[in-house]
Amino acid sequence: MSRRVVITGLGVVAPNGVGLEAYEQALRGGVSGIRHIPLLDELNFGCRVAGVPEGVDAIAEERFDEGELKAMNSNHRFGCISALDAWADAGFERPAHEDDHVFWEAGAVIGTGIGGLDTAGEKLIPLTDAGKVRRLGSTVVEQIMGSGVSARVSGLLALGNQVTSNSSACSTGAEAVVEGYRRIQDGLAERMLCGGSEGSSHYIWAGFDSMRVLCRDFNDQPERASRPMSATAGGFVPGSGAGILHLESLESAEARGARIYAEVLGGALNCGGHRGGGSMTAPNPESVRRCIRQAVEAAGISPDEIDAINGHLTATGADAGEVASWAAALGRTPENFPAITSTKSMIGHGLGAAGAMECVACVLMLQGGFVHPSINSEDVHPDIEAFSASIPQQALEMPQLRTLIKAGFGFGDVNVCVVFRKWDS
Amino acid sequence: MERSEIRDKVVKIIGAYAKDKEAMGSVTEETNILEDLKVNSARLVDVILDFEDAFDIEVEDEDADSVNTVGDAVNLVQAKVG
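Same order as they appear, the protein sequences are chains A and R. Numbering-wise (my numbering), the first sequence opens with residue 1 and increments by one. Numbering-wise (my numbering), the second sequence opens with residue 1001 and increments by one.
No lab work stands behind these hints, which were simulated from the structure alone. Some hints here could point you the wrong way.
To be verified - Calculated lysine to aspartate or glutamate pairs in the DMTMM-like style (CA-CA distance at most 25 Å, straight line):
no., chain 1, residue 1, chain 2, residue 2
1, A, Lys70, R, Asp1065
2, A, Lys132, R, Asp1065
3, R, Lys1038, A, Glu142
4, R, Lys1009, A, Glu62
5, A, Lys422, A, Asp186
Unchecked claim - Here are some of the chain A residues that sit facing chain R, going by a computed Cβ distance under 8 Å:
no., residue
6, Gly67
7, Lys70
8, Arg135
9, Thr139
Built from N, CA and C at the ideal position, the CB exists for glycine as well.
Sequences are here, hints too, so could you generate the full structure?
This is the structure:
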């Protein structure tokens, strides 16, 4: 059984925009959501800027009751708001607590890369070390467990199909989309909320800072700090937030007359095995190319049909190699290379949420017929200078945009690639 | 502290965890916290911790286990605050 899978709802909580309208406007305008974080000065971080969604607590207070809020750290708030928004955007009402109806046909794959380290750092570890375990209360486990966000979402929306959380570092969010897509394709579910979330916490960012993979040279110019494909890129900017896509079988969407944004044409997942130049922290270029080729093959299209690329492109030294991999895998040259952009240039690297927020950006671009700018790339890296014309500095109006490819590469040498196509009703 | 003052504070604390918000409108000392107010049983430990913070008391686990109704909670707190 192989069924077509479409996207009928979206939700996003991003550093440069909370909600679809604000996010799309920020993407079109090239608006950065990277800001200076004073706490990182106090704590002697090398990188003192980050992407943190704004105004989320006020939204959370409107959406969740007092008891729920006590059990929701930043990761939960971002993920749950996005999931509720995607559900509503797909045309469904939020069920009441006392309504015992369960949506057996609907599930969730909502991943996270690191998890609830704010809860661990602020509560679990200090109270445990002080011998005050009994003061932890009942809400610590659900806030630190790997499946915490999908578990909370399943209760908010009465989901009865598979509910799980994947984790594959920076591939997580896009991997969730591929996992949910396959479940629907196989006939095991009709609707799946898919994506990822990552909290805002200096405890999450500290390890990356110590690895010296974060940007340190633009602490006084936060909006210029995230510089994918730039000659002056000096590491990624940590981000946070969530993105959720409401995936649905075409049959289900058509039967209820749902608005369809786009189709998930195909996807692929693999790992480079830490060989051939791959490692815990770097991708094996051969595995990246295989993953891209497999996604195109799974989509049943020719590589020539790709109109635009939303890369992984984090603003580290790996960007030039990634562009070369795209060219090799798609058989394109600088002369006929599709538009290539990095959402991270505006929102930083949202880790487990990155792929999800970026997939939402892909769908909005298909829907709106544009490619958002890849900001801070005015000084294109010398190794990819030949591709400069394909890197938009301003939003590229592209009414003919039909097919967009998105990839993510994570620590562990894991890769994901997914192909979206605009829905022509 | 007056019993009525303790009761008001206790009800407010429990209210944050009550899934049945309507039932909160007609709370008496006989109201059962789990059954009538639909508080998730796992959250009872959080209710007790909130009592500890609000009244500056310490509640032993055995004492906490005896709390079923709003009146039980008020009795427990009243015994501790004296």
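Any hints from earlier that this structure breaks? Give me their numbers in increasing order, please. none
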